[in-house]
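2 protein chains.
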Amino acid sequence: MRALIFDLDGTLIDTVYAHVFAWQRALAESGLAIDGWKIHRRIGMSGGLFTRAVAREVGKPLSDDDAGRIQARHGVLFRELLPERRPLPGAVELLRWLRDQKITHGIATSGRHPEIDSSLAALGVPADMVVVDRGDVLRAKPEPDLFLKCQEQLGADIRDCYVVGDAVWDLLAARRAGMLSVGLLSGGYGWDELTSAGAFRVYRDAADLHRSLDELGIL
Amino acid sequence: MRALIFDLDGTLIDTVYAHVFAWQRALAESGLAIDGWKIHRRIGMSGGLFTRAVAREVGKPLSDDDAGRIQARHGVLFRELLPERRPLPGAVELLRWLRDQKITHGIATSGRHPEIDSSLAALGVPADMVVVDRGDVLRAKPEPDLFLKCQEQLGADIRDCYVVGDAVWDLLAARRAGMLSVGLLSGGYGWDELTSAGAFRVYRDAADLHRSLDELGIL
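Chain order of the listed sequences is A and B. Under my numbering, the first residue of the first sequence is numbered 486, with each subsequent residue one higher. Under my numbering, the first residue of the second sequence is numbered 486, with each subsequent residue one higher.
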């Protein structure tokens, strides 16, 4: 039994650029101005790793309190900037098709409830779909925990799981979990970045993946 | 006499992600919702080309009036989102060093006065520096006009000009102008995208370029 495990932000929902800009503002307000592209390339890793990486980049140590405060401020700005979530092209249709075909699939995201709830609602994710979030594991991507937890809940074998993600962190975590992975350009990484990180195929977005499922050798 | 011609947004000033998000909001408000990454990869091309590309993407024709209105709304949102401009690492120091060393250099941007004025001020650009903007030419990047106009004003030979830019549009325009080009990652493109578009070297940002000037063979 093959199974598809999807990342959420940048893979199914168009939130990456709002996240980048919300982080950039939240960090700048705390005197931690940092280049947009460096934030972009760190989206999708665990929030703790992210804030530590930023602190190293800026050369200022960051207390846990500061990190928590900046994360909370990011959340507020993000919801202000993007009150409505927009599914990426083909995402809703692909998930619906997988359900109809009874192909095992789930979502594993470094995001948290309740922040991800509007994204799941916009995607029309039914209540019984397997969704593993940051709160379900000790360590987020690029640790393999989120994907392994999702695989367990899906009841699939590790070697039968295919991760679909837009960020290098998804692809690294997939490799560490022993899973194959597919990259999507819809989060703004370049083709080579995804391929070098281990994606055996790269597609533009969920719609392109849906059209190309035959190339994956999974159906 | 060698000359360096710099792009502005994403090359010297950290504005790309604010531009992406401002475009995304302005377009969504006009019923033209479009993926963030597709906007990102079109930043730095002429505004006219950009809005036409978006219209094709969304599959709705766009009148000149609509295009103008969306461009104006983008400007308002951009200034709201990013009231202060932040030079990218090393940009101010590199420009100062080039002035001190009397190495010919200028800026050629698809942006316009007065929108670019705060960026130029943040960079400490002196009044006598050659800055060519959208208003000085008929056609913006990836047409070669901006770089050719800058080269003329600098009094340099085309074959002695090196373009420094963060976007594929800079590198394509440089090739069409007959100039060599150097890519910077600071606008969020991947290394391979810049190399494939013609950059003979790629650096992280202006600071990295400054440290690596010996590798260019221009000094």
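You may find that some hints are simply not true.
Which copy is meant is left open, so a pair is good if it fits within one copy or across any two.
As the list claims (entries may be wrong) - Only pairs whose alpha carbons sit at most 25 Å apart, straight line, appear in this in silico SDA-like list of lysine to any residue:
1) Lys-634 <-> Gly-675
2) Lys-545 <-> Glu-569
3) Lys-634 <-> Leu-562
4) Lys-545 <-> Trp-582
5) Lys-545 <-> Pro-572
6) Lys-587 <-> Gln-556
7) Lys-634 <-> Trp-676
8) Lys-634 <-> Phe-563
9) Lys-545 <-> Ile-519
Calculated directly from the structure, the hints in this document are not laboratory data.
Checklist line | Enumerated hints in conflict with the structure, sorted upward | finding: 1, 3, 4, 6, 7 and 8
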